[in-house]
Amino acid sequence: MTIDAVDIGEGCRLVSCDAPPRTRSKLETFGLVPGERIRVVQSTRAGLIIEVKQSRLAISRDLAHCLVVS
Amino acid sequence: MRIALIGNPNSGKTTLFNELTGANQHVGNWPGVTVEKKEGTVRPAYGQGEIVDLPGIYSLSPFSMEEVVSRDYLIDETPDVVVNIVDATNLERNLYLTIQLIELNVPLIIALNMMDELEREGYHIDTARLSHDLGVPVVPISAAKKSRLDELVQALPEAREPKRHELPNPHLERLIALVEALLNEHLVREHHLGDLTAQGYPLHWAAIKVLESDELVLGHLTLDEATQRRVDDLKTSFEKEHGLLCTAFADARYRLIHHVVYHGVTIWSTDGTRHKHLRHAHKNFHRGRKHHDRHGRDDRAHTRDRYDARDTHTCDAHTRDRHDSRAHHDCGTCMAQTLYGAHGEGPAGEGFSGGDLPRGRLPHEKLLDDEWHSNDEWHPNDEWHPNDEGPARLDAQLALSDRIDRLVTHRIGAIPVFLVVIFAVFHLTFSESLFGIPGLPSPGVFLQSLVEGGVAAFGNMVSLLFEPGSWAESLVVGGIIGGVGIVLTFLPKILLLFLFLTLLEDCGYMARAAFVMDRLLKKFGLGGKSFLPLLMGFGCTVPAAMACRVLENEQDRKLTLMLVPFMSCGARAPIFLVFAAAFFPQAADIVVFSMYLLGIAVAVLAGIALRKLLFKGELVPFIIELPRYRAPRARSVLLTLWDKLRDYLVRAGTVIFAMCVFVWFLSNFGVSGGGFAYVAMEDSLLVAFGSLIAPLFAPLGFGNWIAVVAVLTGFIAKESVVGTLGVLLNAETGAALGGSGLSAALLATAGFTPVAALSFMVFCLLYIPCVAAFATLKKEFGSWKWAIGQAALSTAVAYGAALVVFQVGSLFA
Chain A
3 MTIDAVDIGE GCRLVSCDAP PRTRSKLETF GLVPGERIRV VQSTRAGLII
53 EVKQSRLAIS RDLAHCLVVS
Chain B
34 MRIALIGNPN SGKTTLFNEL TGANQHVGNW PGVTVEKKEG TVRPAYGQGE
84 IVDLPGIYSL SPFSMEEVVS RDYLIDETPD VVVNIVDATN LERNLYLTIQ
134 LIELNVPLII ALNMMDELER EGYHIDTARL SHDLGVPVVP ISAAKKSRLD
184 ELVQALPEAR EPKRHELPNP HLERLIALVE ALLNEHLVRE HHLGDLTAQG
234 YPLHWAAIKV LESDELVLGH LTLDEATQRR VDDLKTSFEK EHGLLCTAFA
284 DARYRLIHHV VYHGVTIWST DGTRHKHLRH AHKNFHRGRK HHDRHGRDDR
334 AHTRDRYDAR DTHTCDAHTR DRHDSRAHHD CGTCMAQTLY GAHGEGPAGE
384 GFSGGDLPRG RLPHEKLLDD EWHSNDEWHP NDEWHPNDEG PARLDAQLAL
434 SDRIDRLVTH RIGAIPVFLV VIFAVFHLTF SESLFGIPGL PSPGVFLQSL
484 VEGGVAAFGN MVSLLFEPGS WAESLVVGGI IGGVGIVLTF LPKILLLFLF
534 LTLLEDCGYM ARAAFVMDRL LKKFGLGGKS FLPLLMGFGC TVPAAMACRV
584 LENEQDRKLT LMLVPFMSCG ARAPIFLVFA AAFFPQAADI VVFSMYLLGI
634 AVAVLAGIAL RKLLFKGELV PFIIELPRYR APRARSVLLT LWDKLRDYLV
684 RAGTVIFAMC VFVWFLSNFG VSGGGFAYVA MEDSLLVAFG SLIAPLFAPL
734 GFGNWIAVVA VLTGFIAKES VVGTLGVLLN AETGAALGGS GLSAALLATA
784 GFTPVAALSF MVFCLLYIPC VAAFATLKKE FGSWKWAIGQ AALSTAVAYG
834 AALVVFQVGS LFA
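Protein chains in written order, with our numbering: chain A, 3 to 72; chain B, 34 to 846.
Calculated from the structure, these hints are not laboratory results.
All values reported here derive from a predicted model rather than from experimental measurement.
Wrong hints could be hidden among the right ones.
What the hints assert, rightly or not - Keeping only pairs whose Cα atoms sit at most 20 Å apart, straight-line, the calculated SDA-like set for lysine to any residue is:
{"#": "1", "chain 1": "B", "residue 1": "555", "chain 2": "A", "residue 2": "47"}
{"#": "2", "chain 1": "B", "residue 1": "273", "chain 2": "A", "residue 2": "20"}
{"#": "3", "chain 1": "A", "residue 1": "28", "chain 2": "B", "residue 2": "248"}
{"#": "4", "chain 1": "B", "residue 1": "556", "chain 2": "A", "residue 2": "20"}
{"#": "5", "chain 1": "A", "residue 1": "28", "chain 2": "B", "residue 2": "249"}
{"#": "6", "chain 1": "B", "residue 1": "556", "chain 2": "A", "residue 2": "46"}
{"#": "7", "chain 1": "A", "residue 1": "28", "chain 2": "B", "residue 2": "653"}
{"#": "8", "chain 1": "A", "residue 1": "28", "chain 2": "B", "residue 2": "556"}
{"#": "9", "chain 1": "B", "residue 1": "555", "chain 2": "A", "residue 2": "25"}
{"#": "10", "chain 1": "B", "residue 1": "273", "chain 2": "A", "residue 2": "63"}
{"#": "11", "chain 1": "A", "residue 1": "28", "chain 2": "B", "residue 2": "583"}
{"#": "12", "chain 1": "A", "residue 1": "28", "chain 2": "B", "residue 2": "277"}
{"#": "13", "chain 1": "A", "residue 1": "28", "chain 2": "B", "residue 2": "278"}
{"#": "14", "chain 1": "B", "residue 1": "179", "chain 2": "B", "residue 2": "82"}
{"#": "15", "chain 1": "B", "residue 1": "555", "chain 2": "A", "residue 2": "63"}
{"#": "16", "chain 1": "A", "residue 1": "28", "chain 2": "B", "residue 2": "434"}
{"#": "17", "chain 1": "A", "residue 1": "28", "chain 2": "B", "residue 2": "658"}
What the hints assert, rightly or not - A few chain B residues facing chain A, derived, Cβ under 10 Å:
{"#": "18", "residue": "96"}
{"#": "19", "residue": "99"}
{"#": "20", "residue": "237"}
{"#": "21", "residue": "246"}
{"#": "22", "residue": "444"}
{"#": "23", "residue": "482"}
Each residue gets a CB set at the ideal place from its N, CA and C atoms; glycine is no exception.
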C-alpha cells in the first residue's frame, strides 16, 4: 500500500519510493530510504505530515502516492 | 582565517553568523544566481577572521542553486575552516550533510547547536565520543544564548581534513574503489590528475559523485567513452543486484550516522535519581555487562547484528571483522551507559512500575525485544528514535505539537485558523480603527503617521534654508524629501508586516500554512511556498518580493515575483476609494472589493499562462520540513528586521533617490520662452510628455493629459496618483480642494466619466509597480531584464484590461 492509506498516528516502514529521481533523492536526504520507519502525523486532502528520523515533513498527496509502505 | 559556515535550514546558522559578526556584515548575491551571500568579519571580541554564511542546505547534491553554490564555494575557494552547524535536537538528519562534508575532505569542525534544548529534554550527547567517531572536532554551543562561542572560535584552528569513513555497505565500498581506480587510470592517461587535485576534488569524492550521476562533476571530468562505458556497466550490475545506487548511498550514509549517533547519545530522564544512576553506571561498567549477559548475548554478536543489519549474510569477512573489533572495543561503556541510564537499575531496581518507566522507548530493551520476540528483520531505526522513544517530557511536547499540527492543518479547520491569523496581521498593520474602535489606529497606521509628521517637519525645516519658490527648494523639498519621504512613510507598515511574518515563520507556523495552501495554488501553476509572498502583496509589493526568497526553486521564485505586483497593494487603495466614492457612491465597497478580486484573477491567469509559456519546468513536488514549534527569539527577529530596514534604506538612498530626482526634473523643467528653464508644472517636460502620449489612452477613456500625468507620477508611489490629480485639477479649476476632496464634478473636468473612472481604476491596479517595488524586483530577480519584463507585462496587461473595461462598458453606458 502507499503511505496515504496509513491511519493518522500510525507507523509504517518504507518499502520503496517511485518518485522521479530528483524527488526521490530529496526524500532520501531526509532519511526516507527503504526500511526506514515513518509515522503519519496528519493526513488531509492537501497531503501528509510524516515524521521520519527526528524531523517532520509535509509532503503533497501526489508524492505520498509514490511512497510504498508496509 | 577564512571561515565558511554551513548547515541545515533551521539549525541556527544565521543566529551564529549574526552573533559572530555583529553588525560587520555584507549581504550580496552569489555571482550569477539570486542566492543570498552573506559575508562578515568576526567581531574582535571573538578573534579574527572572515566568515561566509553559506545557504542553508540539507545535502551537497547538485539539485538546488543553494547546494551548487555551497559546494562550489567549498571546492573552489578552499576556506581555511568549514564550520558545520549541527542541530543537536535533530542529530541524524543534520549529520547527513556532515558525512558528505567529510567525503568532500574539507577542514571541518562541528558546532553542535541547541545542546541546552536537548539536555532539557533529557538527552545527553557525549561530544568527545561523537568527535572521536566522526573524526571531527565537536564543540557544543548555544548560538541563541551565545554560550560557548569563544570555545568554538578557539577550536577553529584544530579543524583538520577528516579521515574518510568507510560506508557500512561492502558492495558499495568495493564499487567506489573500482570507480576510483578507473578514474585514476583515466586521469593519468589524460594527464588530468594534476588538474583534478588542483580543483580540489578528492578522487574518492569524485568517484562517489560519478556513481551518483552528478552532472556537474561528470562535466568536469570529461570521461572518455570507454571509461564511461565501464563505469556504466559497473553501475548497472550493482543496481541489478542491490537496488538503486543513489538509494544505496543514502542508506549507507544514514546507517553510518546511526552507528555514530548510537554511540554518542545517551538518554536519561532529567529527574535527579536517574541522573545519578547514569553516573553510577559509568563507574559500574561491569554490572552493565552482567545485565547484558543475562540476556544471553555478548557484545560482539549484538553489535554485528545491529551494524550490518541486512547485509550480514553477504558481508565479506574482512569488513565484518573490522567492524566487529571496533564495535567490541567501543561497545562496553556505551552499552552500559545507555542500558543503565535507561533501565534505571539501582535503588529503584528493575521493579520500575509502568508509570515510572519512560513509555516504551528504551533503545536497548526495544532492540532486545525485537530480537527475542519477533522474527522481523531488525533495522537500525528501531533503536534510537527520540521522537517516539524519548523521555516523558519529550513525549508530552510531541503530543502537543502533534495536536497543534493536526489543528492548523485540519481538513476543515485549517482555513479558518489561517484566515484568523492573517486577518490579525493585516488588521494590526493596516487598520485605521483597531478592533473596530474608532479613532484608535493600529500600530502600523500610528507609526506611519509619526513618520509622515517627521518627514513633513523635516521638509519644512529644510525649506527654511532655501529661498522660497526657488528651483533648489523645489528640488530638495518637493522632489527629494517629498519623493523619498513618501517612500519612507511606508516603512513602518513594511517593517510591521515583516515583524509579524517573521514571528509566524520563527515559531514554525508558516511552513504549515504553505502546506495547507499548496493544493489550491497547484491549480495555478504555483506551489504552497508561493502563498506567503502573494498574500503579503496585498500589504505592500516590496516586502512581498523580498519574501519570495523562501522559494528555493529558481523558476517558482521568478514566476511568483512576476505575479506579486498584481496583488493590489495598500498604496493603490486610495485611488479606488477616491474614484469609487466619486462615481459609484452607492456601491463603493463592491467596486473596491472587485478591484482586489480582479487583481487576483489576473494573477491566476498570468500564472497559468507564464507557466505554460515561460516557466515550462515541472512544478517541484511539495516537500517541506516542518520545523519544531519554538518561541521566536527577540534577537533574531530584530536582526531580521534590521536587515530589511537596511535593505530598504539603501534602496531609498540610491535607486529611489535617483528616480525621484529624475521625475522632479521632468515635472519642473520645460521649454519656455524659447529656452529650457525651470517652469511651472503645466509647462514641464512631464506634462508635455503626458500630452504627447495622452492620445494613447483615449481608447481607455482617459486620454486627458491630467489623468496621464497622474498615472506617470504613480510610478514614484501609487499614492501620488491621487495627490497629482488633486494638484493638477486644483490648479486647473482654481478650487482650493485637497487630495481627498476630489469630487465627480471635479474629476469630470479631467474628462472622467463613470466608465472611464472604472477603466482608470483597473489601469492603476495593474500597471507598472512603483519605483520602490520596481527596485526591489530588480534586486530579487537579480537582473534588470526580468524587472523590466515584469513592468512591461503588467503595463500591457493593464492596458488590455482597461481597454476591455472601457470599450465594453461604453456599450452599456
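Cross-check of the supplied hints:
1. 555/B - 47/A: At roughly 13 Å apart (the allowed maximum being 20 Å), residue 47/A and residue 555/B satisfy the hint.
2. 273/B - 20/A: 17 Å, holds
3. 28/A - 248/B: 16 Å, holds
4. 556/B - 20/A: The hint is violated at about 23 Å.
5. 28/A - 249/B: Roughly 17 Å between the alpha carbons, so the hint for residue 28/A and residue 249/B holds.
6. 556/B - 46/A: Holds. Residue 556/B to residue 46/A sits at ~17 Å (cutoff 20 Å).
7. 28/A - 653/B: 11 Å, holds
8. 28/A - 556/B: Not satisfied, since the Cα-Cα distance of roughly 23 Å exceeds 20 Å.
9. 555/B - 25/A: 17 Å, holds
10. 273/B - 63/A: 30 Å, violated
11. 28/A - 583/B: Measuring from Cα to Cα gives roughly 17 Å; hence the hint holds.
12. 28/A - 277/B: 14 Å, holds
13. 28/A - 278/B: 14 Å, holds
14. 179/B - 82/B: 18 Å, holds
15. 555/B - 63/A: 12 Å, holds
16. 28/A - 434/B: With a Cα-Cα distance of about 25 Å, the restraint between residue 28/A and residue 434/B is violated, given a limit of 20 Å.
17. 28/A - 658/B: The hint holds at about 11 Å.
18. 96: 6 Å, holds
19. 99: 13 Å, violated
20. 237: 20 Å, violated
21. 246: 8 Å, holds
22. 444: 4 Å, holds
23. 482: 41 Å, violated
Of the hints listed earlier, those the structure fails to meet are numbers 4, 8, 10, 16, 19, 20, 23, in rising order.
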